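Chains A and B supply the protein sequences, listed in that same order. Using my numbering, the first residue of the first sequence is number 46, and each one after it goes up by one. Using my numbering, the first residue of the second sequence is number -17, and each one after it goes up by one.
It is worth saying that the hints were derived from the structure and are not from the lab. Since the model is a prediction, treat every value here as computed from it, not as a measurement. Be aware that a few hints might be false.
What the hints assert, rightly or not - Some chain B residues flagged as far from chain A (calculated, every beta-carbon gap over 10 Å):
1) 20
2) 56
3) 84
4) 198
As the list claims (entries may be wrong) - Only pairs whose alpha carbons sit at most 30 Å apart, straight line, appear in this in silico DSSO-like list of lysine-lysine:
5) A/86 with A/165
6) B/0 with A/214
7) A/86 with A/275
8) B/91 with A/212
9) B/91 with A/214
10) A/188 with B/23
11) A/52 with A/208
12) A/275 with B/0
13) A/315 with B/167
14) B/91 with B/8
15) B/4 with B/18
16) A/188 with B/56
17) B/0 with B/49
18) B/49 with A/188
19) A/315 with B/56
For glycine and all other residues, C-beta sits at the position ideal for the given N, C-alpha and C.
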Amino acid sequence: MTTNSDKAVAKEMVDIMHRPDGDPKLRPIHTNGIGVTGFFKASETAAEYSNSEPFQGNKIPVTIRFSNASGNKTRHDGWSDIRGMATRFHLNGPQDFDLIAMTLQEFFTPDVPSTLEFLKAARPTPYHSATPLQKIRDYLSLKVPKRNRYPHEDLSPDDGGKKYANKHKFAQLPIFQTASIGAPVSYARAAYHAVHTFIITAPNGKRNWVRFTWQPVAGVRPRPIGPDNKPDDDYLNQEIRDRLSDRETARFTLMMSLGEQEDEVNNCTKPWPLHRTRIVMGMLTLNHVLDAKAQESKIEKMSYNPCLLPEGIEPSDDPILHIRRTAYEISSKERHANRCPFAGGQ
Amino acid sequence: MSNEESWFGRFVDTLPTKGWFKFLSKYVVTPYWLWKDPKPKLPGGPRVSSQPSDNVQRMMNLIMPLKDPSEIGKARAVMAIAQNVDEIFGGLDNVGTVHFARFVILGDKLCMISVYDGDFSNYIRDFIVTVGSVFDAIMAEIEGGSALIPTEQNVEAFIEWVHEHDLFQAPDFPTELFTLQDQAKGIGPDGPVHDLSTLPRNLVLQFHSNPDISLGGGYRAYPGFSAAQIREKLGVGW
Ligand code: HEM
């Protein structure tokens, strides 16, 4: 149930997310993306854990949008940034399934007030390079100096976030990992985490608290970045086009971790230990990159929503997951996209 | 001209690769910080947890300094193990909760690396009960080992010794290092928030107290299952 106060907060979040170098007609974050289609086929085991349509073993068509997380309207693929993978499973049932994932394992904040506070604190600020003396001071303090500015990088995306993390323990892991996340060689060579906990129901009625991750079959491969190599601004789109040309495919396995008693199910700043039981839920095969026209008319107008879930997959009580439902709906409306599924669109 | 483009900026960027600067970092900067902010030794082995998958397939990296690290001393350690392979394998079968175990000689150390289910003390206790005599032969080759022989009669002290020599397992999530270092100083989770930029330094300094560490809890192909569950599923008559 979305209340008016949820709407006001979500609206404020979306407003803050818009960067001065963004474009109000585009997404406020994950602004640059590319659409790819293919299909998902569940593993044989998946149906033992979930009675939901995506996991019954039928071949399910999917539409995916890969993106760079930045809200800068100019594409800078080589810059260190989180990447996104939004997947819509087109189902026969009344409701499709959106699985929205990113290359960071956890989110920055555990609840709505802290998210608002964080977004304000982490607003991009004019880029200030570290002076040589500051760098020397850092070396002498056994710290890693601030990385050098990329060419044309006018806004610093993480200075505010770092300051915030020095006051809030929960933000330290995501901020630390974001600072060193780098760039992948391909959208198909990164692992993407859906971060929140979802609840799935097995045919025998057993409910499991789970988290999902896409693992690339081609393997994870970051681009080496050093102080001297100037990052390329535009290679990821062409790379995925080349990869999928001549009937080639790119594949991802959908891994599901089973939560245990006392695991943080409603706190998305806390990744679960890496050795929770993992189930292979299925294989995603990507085989087609949408052409420029379809990219414009379909993908850029699409409205994904993390709460678009089919019967048998429920959201946990994670407050971030719930506020995202409203934030995505508002953002979709503001940029005149196809109607968000929760606003009556599909 | 921006800071990084000036000649001085470019020069400063190359400092970490310069021999004299590395020398300065090693012999002046690091000792200074070790004096200013010493880190207590962090305990070895997996950390206490009540959750099921944290209590199966746990890693032990037992690092034992050889009394005599010469070629002859190493050969003697090999003999102590090689002559007792049947006893070790039979003993591990009887313990029943061990997935894998192996001995490695690395530099001047003998290492026993194993993956076990359940409580650490019980694992070592069961192991000593079943293969104590082999461990006596091994401990005779290890620095400080003689005091623990016969291990069967010094079980608690032996458990303590093994725990001391089990490698600290660095956390899978890097910022948890702050929490573990705080804990070692008796500071609880509500203690002050650390400056995130000091994390690399905290790691450097920790190596002084824990010169050898295990990097994270390790990969598992089928996490969450005990040796007993796997044997039962495979139908190998356990
Ligand atoms: C309170 C937390 C968050 C807020 C307020 C938020 C907000 C937004 C908004 C407003 C958009 C643009 C939506 C549109 O215009 O269609 C967006 C896109 C996106 N977000 Fe989030 N987000 C949050 C957390 C997350 C998390 C935890 C993840 C990863 C699991 C994530 C991944 C993405 C991705 C991949 C996109 C691009 C979707 C697309 O390609 O259309 N976000 N987010």
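Against the structure, the hints come out as follows:
Residue-level check passed: residue 20 of chain B sits 14 Å from the nearest beta carbon of chain A, beyond 10 Å. The beta carbon of residue 56 of chain B is kept farther than 10 Å from every beta carbon of chain A, the shortest such distance being approximately 34 Å. Residue 84 of chain B, annotated as away from the interface, keeps every beta carbon of chain A farther than 10 Å; the closest lies near 20 Å. For residue 198 of chain B, the condition that its CB be more than 10 Å from all CB atoms of chain A is violated, with the nearest at approximately 8 Å.
Between residue 86 of chain A and residue 165 of chain A the alpha-carbon distance is near 41 Å, which puts this suggested pair outside the 30 Å criterion. A C-alpha spacing of about 35 Å is found between residue 0 of chain B and residue 214 of chain A, which places the hinted pair above 30 Å, so the restraint is violated. Between residue 86 of chain A and residue 275 of chain A, the direct Cα distance comes to roughly 40 Å. Violation of the 30 Å bound is thereby established for this hinted pair. The straight-line distance between the Cα atoms of residue 91 of chain B and residue 212 of chain A is roughly 43 Å, outside the 30 Å bound, and the hint therefore fails.
Distance restraint check for residue 91 of chain B and residue 214 of chain A: the Cα-Cα separation of roughly 38 Å exceeds the 30 Å cut-off, and the hinted pair is therefore not satisfied. For the given pair, residue 188 of chain A sits about 21 Å from residue 23 of chain B by alpha-carbon distance, which is consistent with the 30 Å threshold. At roughly 28 Å between alpha-carbon atoms, residue 52 of chain A and residue 208 of chain A fall within 30 Å of each other, so this suggested pair holds. Of the supplied pair hints, the one linking residue 275 of chain A and residue 0 of chain B holds, its CA atoms being roughly 22 Å apart against a limit of 30 Å.
Among the hinted pairs, residue 315 of chain A with residue 167 of chain B is consistent with the structure: their alpha-carbon atoms are about 24 Å apart, no more than 30 Å. For the hint pairing residue 91 of chain B with residue 8 of chain B, the CA-to-CA distance comes to about 25 Å; that is within 30 Å, so the pair holds. The hinted pair formed by residue 4 of chain B and residue 18 of chain B meets the criterion: a straight-line CA distance of about 20 Å does not exceed 30 Å. The hinted pair formed by residue 188 of chain A and residue 56 of chain B fails the criterion: a straight-line CA distance of about 40 Å is larger than 30 Å.
As the CA atoms of residue 0 of chain B and residue 49 of chain B are separated by approximately 38 Å, the hinted pair breaks the 30 Å bound. Restraint check: the Cα-Cα separation between residue 49 of chain B and residue 188 of chain A comes to about 38 Å, which exceeds 30 Å; the hinted pair is violated. Simply put, residue 315 of chain A and residue 56 of chain B have alpha-carbon atoms about 45 Å apart, too far for the 30 Å limit, and the pair is violated.
Violated hints for the displayed structure, listed by number in ascending order: 4, 5, 6, 7, 8, 9, 16, 17, 18, 19.
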